[in-house]
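From first to last, the protein sequence lines stand for chains F and B.
The C-terminal residue of the first sequence carries number 116 in our numbering, and the numbering is unbroken.
The C-terminal residue of the second sequence carries number 100 in our numbering, and the numbering is unbroken.
Don't take each hint at face value.
In the EDC-like style, the derived pairs of lysine to aspartate or glutamate whose C-alpha atoms are separated by at most 16 Å in a straight line are [as the list claims (entries may be wrong)]: (1) K44/F with D79/B; (2) K57/B with E41/B; (3) K46/B with D70/B; (4) K43/B with D58/B; (5) K87/B with E62/F; (6) K80/B with E62/F; (7) K57/B with E25/B; (8) K44/F with E41/B; (9) K99/B with D54/B; (10) K87/B with D91/F; (11) K23/F with D68/F; (12) K23/F with E104/F; (13) K80/B with D58/B; (14) K99/B with E4/B; (15) K67/F with D91/F.
Interface residues of chain B toward chain F, partial, derived using beta-carbon atoms under 10 Å [claimed, not checked]: (16) Q(-7); (17) V15; (18) Y22; (19) P30; (20) V31; (21) L33; (22) T95; (23) V98.
No lab work stands behind these hints: they were computed from the structure.
Just so it is clear, CB atoms sit at the ideal spot from N, CA and C, and this is done for glycine as well.
Given next are the chains, with one letter for each unit.
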Amino acid sequence: GAVVSQHPSWVICKSGTSVKIECRSLDFQATTMFWYRQFPKQSLMLMATSNEGSKATYEQGVEKDKFLINHASLTLSTLTVTSAHPEDSSFYICSASTVYEQYFGPGTRLTVT
Amino acid sequence: TQLLEQSPQFLSIQEGENLTVYCNSSSVFSSLQWYRQEPGEGPVLLVTVVTGGEVKKLKRLTFQFGDARKDSSLHITAAQPGDTGLYLCAGDKQGGNTGKLIFGQGTTLQVKP
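Isolated chain F, as found in the complex:
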């Protein structure tokens, strides 16, 4: 089946610094990639949708200047959490979509101290 990877799998950073998370579709080209956030004991919440070569669209309440998304190719999307604060600590999950299916990555655990 299709594989989506994320890097890093976990990261700890200090408050005020920026962190970049990569999402790659390893064996297929994704028409669209999505970024979700999951707080402890909660469900997944869609943050943004990104298409290769165009600006990401953000869900209501998600700060686009804080969560920068770059979709450089059909197999790579990156999420940069800028000026991270402890409340940004969460599990970030990407998914990559073809016309028929959506495949989720393994997630990135971000802890901001």
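Given chain F, work out where chain B should sit, using these hints.
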């Protein structure tokens, strides 16, 4: 705004018991998906139901899509400890096939040996 209400949110049962998880909405969905998520990992797709009234079986798991395409259920027969995990239903937030998923709150299933 589409919402998915999942119940129960937590279920602890003995090995061999049967259980049903419900996913309800007041909105119509073109399809609903069921995922299973292990701690620290991304969700893994179990099934997609598309047609109203559809029933799909995956070994001991039976999925049903309501006739009106507003609800779905997951029934597990003779649960095993390996079924332990978080079960999530999801649907397209705009009712179509945009790939932008909304998730139910999730059902944490614990199967005790």
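Results for each hint:
Pair hint K44/F plus D79/B does not hold up; C-alpha atoms about 22 Å apart against a cutoff of 16 Å. Distance hint between K57/B and E41/B is fulfilled; the C-alpha atoms sit about 12 Å from each other, no more than 16 Å. With a C-alpha separation of about 12 Å, the suggested pair K46/B and D70/B falls inside the 16 Å cut-off, and the hint holds. For the hint linking K43/B to D58/B, the alpha-carbon distance of about 14 Å falls within 16 Å, and the restraint holds.
Of the pairs offered as hints, the one joining K87/B and E62/F holds, with about 10 Å between alpha carbons and a cut-off of 16 Å not exceeded. Pair hint K80/B plus E62/F holds up; C-alpha atoms about 11 Å apart against a cutoff of 16 Å. The hinted pair formed by K57/B and E25/B fails the criterion: a straight-line CA distance of about 26 Å is larger than 16 Å. Simply put, K44/F and E41/B have alpha-carbon atoms about 30 Å apart, too far for the 16 Å limit, and the pair is violated.
Taking the CA atoms of K99/B and D54/B, the gap is about 34 Å. The hint is violated against a cut of 16 Å. For a cut-off of 16 Å, the pair hint linking K87/B to D91/F is broken: about 22 Å separates their Cα positions. A distance of roughly 14 Å separates the Cα atoms of K23/F and D68/F; the hinted pair therefore holds under the 16 Å criterion. Restraint check for K23/F and E104/F: not satisfied, since their Cα atoms lie roughly 26 Å apart, outside the 16 Å limit.
Using a Cα cut-off of 16 Å, the hinted pair K80/B and D58/B holds, with the two alpha carbons roughly 14 Å apart. Restraint check: the Cα-Cα separation between K99/B and E4/B comes to about 10 Å, which is no more than 16 Å; the hinted pair holds. A distance of roughly 14 Å separates the Cα atoms of K67/F and D91/F; the hinted pair therefore holds under the 16 Å criterion. Restraint check, Q(-7)/B versus chain F: the minimum CB separation of about 8 Å is within 10 Å; hint holds.
Interface restraint check for V15/B: the shortest CB-CB distance to chain F comes to about 19 Å, outside 10 Å, so the restraint is violated. Using the Cβ-Cβ criterion of 10 Å, the hint placing Y22/B at the interface with chain F is satisfied: the shortest such distance is roughly 8 Å. For the restraint placing P30/B at the interface with chain F, the shortest Cβ-Cβ distance is roughly 5 Å, inside the 10 Å limit, so the hint holds. With a cut of 10 Å, the hint placing V31/B at the interface with chain F holds, because the nearest CB-to-CB distance is about 7 Å.
For L33/B, the interface hint is violated, since its Cβ never comes within 10 Å of a Cβ in chain F; the closest pair sits about 12 Å apart. The interface hint given for T95/B is met, as the beta carbon of that residue sits about 8 Å from the closest beta carbon of chain F, less than 10 Å. Given the 10 Å rule on beta carbons, the hint for V98/B is violated: about 19 Å separates it from the nearest Cβ of chain F.
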